[in-house]
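With chain A's structure known, arrange chains B, C and D on it following the hints.
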Amino acid sequence: MDAFIVITLIKLAVIAFVLLTAVAYLQWVERKVIAHIQVRPGPYRVGPHGLLQPLADVIKLITKEDMMPSYVNRPIYLFAPFLAVCMALLSIAVIPFGPTIVVAGYRTWMQLTDINIGVLFILAVSSMGVYGIAFAGWASNNKYALLGGLRSSAQMISYELPMALAIASPLLVSNTLSLRELVATQRGSIIHWNIIHGGQIVAFLIFIIAAFAETNRVPFDLPEAENELVAGFHTEYSSMKFASFFMAEYLNMVTVSAMATLLFLGGWEPLWPVRFGSNYLPSVIFVIAALTALYHGAHPAHKLDKYTLTGFGVIFLILAAIFAAPIVQSWLLPLFWFCAKTGGILFAFMWIRGTLPRFRYDQLMGFAWKFLFPVAMLNLLVTSFVVAWVS
Amino acid sequence: MQLWLIPILPLAGFLINGLFGRRFSKGLVSVFAVGSVVLSFAWVLKTVLALGDLNTAYSEHYFTWIQSGAFTVNCDFSIDRLTAVMLFVVTGIGSLIHIYSVGYMAHEHGPNHGGYYRFMAYLNLFMFFMLVLVLAANYLVLFVGWEGVGLCSYLLIGFYFTKKFATDAGNKAFIVNRIGDFGFSLAMFYIVKTFGSLDFGTVFSRAPGVSEGVLTLIGLLLLVGATGKSAQIPLYVWLPDAMAGPTPVSALIHAATMVTAGVYMTARSWVIYTHAPAAMETIAVIGIATAFFAATIGIAQNDIKKVFAYSTVSQLGYMFVGVGVGAFSAGIYHLVTHAFFKALLFLGSGAVIHSLSGEQDLRNMGGLRKKIPWTFWTMACAWVAISGIPPFSGFFSKDAILLAAYHHAPWIYWLGTLTAGITAFYVSRAMFLAFFGDYRGHEHHIHESPPVMMVPLTILALLSLGGGFLFKIPTFLGTLFPSLEESEDFTLMAISVAAGFLGIFIAYFMYVARPAMADSIASSLKGLYTLVYNKYFVDELYDATVVKPVVEGSRAVLWKVVDVGVIDGVANGIGSRSRDIGGVLRLLQSGNIRSYAAWVLAGSVAVIVALGVAGGLR
Amino acid sequence: MDVVLFLIFAIIAVVAAINVVVQTHPISSAISLIGVMGSLAVLYLLLGAEFIAAAQVIVYAGAVMVLFIFVIMLLNAGTEIKRGRSLMVQLLGVPLLIAFLGLVAYFVERIYPQSVGVRFGGFTGGTAQAVGRALFTTYLLPFEVTSLLILIAIIGAIVLGRKEMD
Amino acid sequence: MAEVPISWFLTLSAVLFALGVAGFLFRRSIITVFMSIELMLNAVNLSFVTFSYQLKQVSGHLFTFFVMVVAAAEAAVGLAIILTVFKNRSTLNIDDVDSMKN
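Protein chains in written order, with my numbering: chain A, 1 to 391; chain B, 1 to 618; chain C, 1 to 166; chain D, 1 to 102.
Derived by calculation from the structure, the hints in this document are not laboratory data.
You may find that some hints are simply not true.
Claimed, not checked - BS3-like, lysine-lysine: derived pairs with alpha carbons at most 30 Å apart:
id, chain 1, residue 1, chain 2, residue 2
1, A, 370, A, 32
2, B, 26, B, 164
3, B, 548, B, 164
4, A, 370, D, 87
5, D, 87, A, 143
6, B, 163, B, 548
Isolated chain A (complex conformation) (with noise of 0.2 Å):
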């Protein structure tokens, strides 16, 4: 019992201070990856590379001046980007990273805690996150405030119904709802996945779309639209309440690409069989690259590249050799296959931002209920025939 609570709270501690620190640096990748599809440089000043912008970011957030606008509501004004953040965090809990493993002894899940139904509280903790937003709308006392929260709302409960369908699916094909189970029925390869093997294809894009809605990200970023809305429902909010939505975004883009992963794309589970030699691929790409941040530092473009990229490539160097130590492989390599899956899946994310425009708002409410919401439907139904038919 000691040891269990002893263990959660290790394993606690390790989830937040690498979500978090992920979050921050998802948004200097982001910020990344739009920069260089816009053919720009991006964030370069602070840190080779501006590694240390997100740093820099939060130090700036926090020393910000707290604005406390006047005739807002205060007590749900200060309670709703805890909310936001709250719910956020919460639907992290349940989403397992990895297979059971055995640490000093100790058997335990790489997953804060194993419910079985984990699905179902995913749901309810997202369908909770929509009251940070509805609240902050409300209680800033502004108009683009609240038209951004009731918007916002509108939209999140209008795609949270296509989102639990297409989730059903995959959920039907596995016959369960526990995610280490779901998992578990996808072992093997590729084509074991419920994106093939279920034929869940159609989901997973119902899904995918209703999780872009779900995080409010372009193009269903209606709320913050900021050339109708100012800022949308966060408009009154400055320094550190602020950046909690910011993160509460971010960390819900996450949830929602774990659960991607976890749900079509077969979890921590490799890409092609162990047996072909899948254990090998991290340690061969990190040789990749390396070979490749050597080369450049040979090469340098700037004058600190020398070091830097150097650097990296030692540091490369060093994790292909973990990864290709036997010892740490066991729980290593599903961290990171699940790492991997999921790091596309967000990658997707920024790609979309940076190339598609941004709906209007009643397209995006028909979008949602004439075509997403049928096709969910029917999706279910035949997937719901099939299973059927087969067992």
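What follows is chains B, C and D alone, placed relative to chain A:
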């Protein structure tokens, strides 16, 4: 053997035409209506052939209809020789008349547009109920058919519901039949009380052990039912009025099939009657009285259909005589031959009416022999048959009845022979007035009816001519009924044949040779003529003794006292008391939702307290 | 542990419920109600009703209450106006309410012995699988009827919400 | 580890229900009154789930499920009605909606 298929086919026809006939073309309606009945006839043929000699009844059990204690009524059909005869008559004549109707009703539109499919649907429904009646294996199922044909009779008499006399005639038929049905119901109650069952088999096997008095009572009550359905004294008054319906209806329902249901039922209950001589005697007396009485009325009627209507009443009286004197098979024999020639007479008169575009009065006809010869010759076949001219069908059956009557009681024979003469006279009168002499009417486009009408006429004509010796019904039914020791008596036969010839001769003399003579006789016997012409004032008598008192009584007591005083008083009283109470309760209806909620809360507290006090919460 | 959990969430529920009643602003009431629902969900978990707990959060907190908030925001419903006291309701309501609560509590305490207790994991029949099985076998007809009801409610809401309401 | 007496759950349910009734009786805003109804439904749901635990049957969960669904449908229609009432009468005070009186 799927006996149920026989009645179900017309029922299917009824449902199809009744539900969808409005959208069908006339041809399609005809196909369903005629097809279902013809198929039914074919199935009867197949069934009877497959069942062989039918010496014992063959029955089928479908389901238990009523079960109450030891008393059970099943929905059963059974078929024996009597049923087989009836089935052939009903489906055979029914098919012919359906075919005939296709032509006769072809122009049916106008005020009741869509009358054609309605007519065909009713006709099919009638076939269904009639077949149920005939196939029934117990009194209750028979009663279902009995009531059903009564319903269809009502619907078809009042077919031209936009005309008041037609609906009045329908009502009259229905109400008069209620009296008979009341007797029938009482008879059934008594049968249940006595035998504990309504099954024919059970009742008849137990009948010999029951006292004569009880059987007489049952027999007389059944007879009341039979007099209603078969238009015997004193309940015959509805049948002449029933001619308000279309002519095929008169032929099928009011001549060939439904009105003979009483005869069939009486013959079916022969076991009861043979053990109740007094009831048998009553049947015979009622029968001969009706036969004579109706025949005399027939003399003075000018409406061609009325003449045949009274003739039908009269001939039904003959059948009752046959049954009443114990010659059940002779009665059924006459039922069959009568079905042939009377259906023919009606259909023929229908053809005449059709040719004259609706003219029914004999005084406006005349000389039609030349204009519609085919109709004339077919009707002439019926004429000789009903007049009892040998060797045509009517001769055999009438002779069989009269012979049996002579052995039973000679006075019945003599009255019957006289009636035979009168029958020959009035039928001849009608024929002479219609087909001989000069044309007295105004319609100038007299034309022969279409083939679809003439083919059934021809078939019926052949049956009227040859039916008597083709179908030896007494021999066929000999195994079913007790045989009477009958000796062929050529003297009696000759006398009755002579009466027939005499009737025809007198009619020829009066209406063809000396046309003025009829009127002079009528004026010289003015009192008698008026009496007969007005049907002995029976309708007026009933009106004064039954209808008026009932109407007046209803008006004075039921309406003024019971309805206005008691029923209205109670209804209005409840209404005004409710309003008073409502006036008090209205004060609670404040429109304030929260006060409603407070009352709901008070109610739930009261419920909890009551439960606690009553000990429900333990 | 179970008792502590129960007490924590029961107290949260009661306090939030009182808050629902006494707050004058609808949105405060709504937030309090969400609190009640959330704590009830935890109590459901304690009672072994994990599916119902999830459904409680998804349906009540996630959908129904969002609708409420939505309407409050849409109508910009402010603090309620105090006027025209309904004396009868006050007179009738307070004693009745006390009587109701007292009676129910009395009977509950009398009927249910203290020995019968609730313990986490004491009942494991509330999984999604068990509920689903019962839903699609024993309770299939009510389920279908309910779906019909929802359809009717959707149509009703659309009809009521149309612009050309007059 | 101490067990929680069943009666506590039921009493909690009764208290929540009574609070719902109180809200219904003493509040004037239609929206708050409506929320009080939801509170009562929740209280009843708690009883159902408790009974389900006591009887070791899943039926109570099903009843709760149906109550939830009905509550959701009710909320949809009820809020639509509130919107209509507000549109036509520009009031959210329940005492002003009394045209059904007498």
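Hint check results:
no., hint, result
1, 370/A / 32/A, "violated (36 Å)"
2, 26/B / 164/B, "holds (27 Å)"
3, 548/B / 164/B, "holds (20 Å)"
4, 370/A / 87/D, "holds (27 Å)"
5, 87/D / 143/A, "holds (20 Å)"
6, 163/B / 548/B, "holds (24 Å)"
Consistency with the previously given hints fails for number 1 only.
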